[in-house]
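Protein chains in written order, with my numbering: chain B, 5 to 555; chain A, 27 to 309; chain F, 4 to 300.
Hints are computed from structural coordinates only; laboratory data are not their basis. Hints are not guaranteed to be accurate.
Stretch by stretch, here's where chain B covers chain A in the computed footprint (C-beta under 8 Å, at least three residues) [unchecked claim]:
{"id": "1", "region": "75 to 86"}
{"id": "2", "region": "91 to 103"}
{"id": "3", "region": "257 to 269"}
{"id": "4", "region": "274 to 281"}
We treat Cβ as the ideally placed atom computed from N, Cα and C, and that holds for glycine.
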Amino acid sequence: MHSALPPRSRRGLAAVGALAAAALVLTGCQATPTPPSDTPTSGGTLTYASGDAEPTCLDPHVGGNYPQALLATQVFDSLVSRNADGEIIPWLATAWEVAEDGLSWEFTLRDDVTFTDGTPFNAEAVVVNMNHLQDPATESSTGYLALGKVSAVEAVSETVARFELTQPDSALLESLAQPWLGIESPAGIARGMEENCESPIGTGPFVIDEWVKQDHVSLVRNDDYVSPPADASHEGAAYLDGIDWRFIPDSASRYAALQSGQVDVIDNAQPDTLAAAEEAGTLTELDAPRPGASNRIELNSGKAPFDDVRVREAFVRAVDINDGIDSLFFGSATRSYSPLSSVEVAAYSDDSLFDVDLDRANELLDEAGWSERDADGYRVKDGERLTLDFPVSTNQSIPAEQSLFEQIQATAKDAGFEVSISLLDLSGWYTALGANEYDIVSAPYTKLGPDVLRILFHSSGITPAPSGYFANHAQVSIPTLDELLTRASEVTDETERDELYADAQRLILEGYYVLPLYDQQNHFLIGPAVSGTRALPTVSTPTFYDAWLTD
Amino acid sequence: MSELEVRTVTATAARRRRRIGIGELLALLFVLFLLAATLVPGLVSTADPNAIDARAAFSTPSTSHWFGTDESGRDVYSRVVAGTGTSLLIGVSATAIGLSLGLVLGVIAGFGGRVLDFTVNRVVEVLFAFPGLLLALLVIVIAGPGPVTATIAVGLSTAPGYARIIRGQLVGIRSSAWVESARVLGHSPTRILRRHILPNALAPLFVLATLGVGQAVVWAAALSYLGLGAQPPAAEWGAMLSAGRTYIGSAWWLTVFPGLMIVLTTIASTVLGRSLATRSREA
Amino acid sequence: MLWAVATLTFFAIRLIPGDPAEAVLGGPGSQASEETLEQVRRDYGLDQPLVAQYLQSLGRLATGDLGSSYALKVPVGELLAAQLGGTILLAVVALALAWLIAIGLSLWSTTGGRVAASVGQGIELTSAALPHFWLATVLIAVFSTQLGWFPPVSTGDLRGLILPVVTLALPLSGFLAQVMRGTLLDTLDSPFILSARARGEGEIGIRLRHALRHAAIPGISLSGWALGYLISGAVVVETIFARPGLGRTLLQAVTLRDVPVVTGVVIVVAVVYILMTVVTDAASRLADPRLRLEETR
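If we strip away everything but chain B, and leave its shape as in the complex, we get (with noise of 0.2 Å):
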């Protein structure tokens, strides 16, 4: 029925490279769906246990961040999705087509859906969504970053929508796609941000009933939901009556709950629970590393020491950290060595560049001047220490990467780097960076598309926003590379945006800018009674719809 091809579907595997095809192959196997159990039976309520993060508004338009994204992946339809093979699928929008200039996009949409409280969904809809997005007194974050090259939406018909754009924007889909754009029902929209973020309306395969601050939010199946993404398995209303979504912020406890059969899904699961898991063989993984940046720690090349290239390769070269990746995620996180996820066609990666070389950091930190070293072992240069602070949000690193941070902290001593680390909550995390008091950071961002590195590495990230929020953390300021990012985010061709993307990575990893971890861990431990399960490959998050329950 979805009969249009997406235009971004002829991507050329051999072009990629091998590397990305290997990147790819292992996205298809990590995002397999748990093995299904016979034939799909309806009924049955699943509870959902998450660790994040309780969202202060359930309308992902406000704010934008990752837990929101979870609960609307139920709730709401994107107008695109993203298929494992990283090409762009139809869902509420059949097709689309982009003009000469790039400036313009039309899209196609169904003419069969209604929203779950009736009002009817159309290009109107689209309209009023987008503008909803732009409005800055609904304080959207992630999705208004978006649509920045979005210039106006209308409605050319009752099923077709334009969208005029001031420059051209080769990451508009994946922009699309991603669940903070999710379409809500106007008249939804229209009740007010009160009362939207308490119960925004969709499209989606499940409808929020209730929600119990501090406690829960109940879904219960939209059992006239006609329009699931292109990949899913199966038409129709979804198989589960209900979602029970439960807010367990301790990691033991919510692993605790899962093995009691208290609930059936839980994330955020840890390394150690997940290596118990396996061993006890009755619980399913679902691995879905998110799309966009890797894990990685950023050096501050904005001042010194590590203004000086010489200073971030000895860094660099000084930890030891593979060993600590495999102690310490029981062999669930593998090592990157990309600024870009693995789940990311585009990503490229040079593990030459990292290898472990003590005797190379001492000689480069000889030769920046860095010689002398005081009675802790520490280097000393014109009587001040070699320290660099290292901020860490509790929030937002689980205890085996803040047991890796200590780890880098014991190795980069052999060198005679002092590395500080302080553990702060997100508020005074964010006044750090803020304050621009660090060396080092290390900040997760999910994106949808290699267009994630222009939010990262293009110089105009350093300049704060008025809220004190910057995302170029290394402060990396090239003109070549800010040329290639733009250049990049403006290119129709697929094999020529992939190349300059490349290029771009080049730069950044061989500058020394940033030390990547792993891509940005995202496991899910299921229960032996649900099946059918898999991650949406937009930004990784798990879908219910197709799954069921068995007894």
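Since chain B is already given, all that's left is putting chains A and F on it; use the hints.
Just chains A and F, lined up with the frame of chain B:
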């Protein structure tokens, strides 16, 4: 006051006249070990507490690693030893802060007449109404996390409790028979305070304080659980306890040994504190 | 009293670094524009002088209005009313259980001879030294994962209440028993007990009828403190057992710098505390004739 007591032949009296018992001896030995670990940690530890060895992570206790190794392959025994100083410092100074504040407030309330008593009581109640952890959280978000802030935070949040107990004690003793008779005998108020009231009020306080040291370490551990205690790589018992909790299913030794140290420290300090209190009362 | 609490909270929270306007916009790190921030500052009156803001919040408070949460955009009163019940239930049951254990322990350790005394003291000290987060994890590991007796996270019924209550009660009971036993021993040496013995009353009877009453006094005056202790403990316990409640709300509000909610929680706790004080004062008077005497003089 003691004449009547001595003639009361009860187990209690016997307990009070005992010389150094086995419990006290053990407590003394343990405290000596703690002192050694604080002053000369190198002497009692077996390895560098911060030396990592990722390949030797999660080793069970053995002859080479008495208490096993942690998630980074560090020797847990040596970290427990290295953490003694920090932990005790947190415990003792937090208790000292809490107790001295509490003492000042309590004495003012207990002896300062009705107006002062009323005022101090309200102040204490206001402080009391702040849940201790909130007070601690506020101090930490204002002054930044770390052992010093944690100490001050814990000290401040325990002060109202001490103040209230002290006041209660003082009021009770003030109206007791022997103080009454001293007053009738015409003793000066300061003398009554010094000779009769304070000694009687301070003895239970001593017990409270020794308990408080362990409590303070536990509070500091709760702050570590919330990620706001001692900063890595510092080995501190509370921080070790909360870090090891993640692995409680697979590596029990990460939490049991630092936990044991907290418990033993509390017991030892209480046993010694109590026997000291008893002795001072007899003297 | 409430005024003092509100004032202290108001200014203490202003000392926290971070822009309250950002808390409104989805917390720190929000990528809000300057216009949006300005808008929010105007809407919430954050652009006015501190004194004006303070007076405003006091004025609202006087009418029972706790304001509106920055992060959740709902009235604080409504939010806390929904959370209060769970925490109060948890704290009250835990306090009762702690008292029961404390009385039992101190009676047993003062009657059972020297062995009982040492063992009792050991139990008291050990349980008083147990951190909540650790105890909770062990209880879950043993009673949920191993034995399967109790659910590891809240279910909303009584079975789900047991582990959190035990977690809160055990350390507190150790503390209460400590204080009680000291006084109990002293009381047992006092003249009126001697005369009771002389009248031929049994040891158990003496303890239950006379000594316990005296021994309970410092413990009762500790109950106000114990409530604060329990609510602090609730921050950790509610997080681990995933129970809705004030503690969890407080932790989230502090992390998000949600000033109206933090102030609201503190004020609610203060009110509960004042009620508690009235009760404990009455209880101490009942237990301690000396205090009654003092009042009448």
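(request) Of all the hints given earlier, name the ones this structure violates by number, lowest first. (result) Going through the list in order, the structure violates no hint and respects every one.
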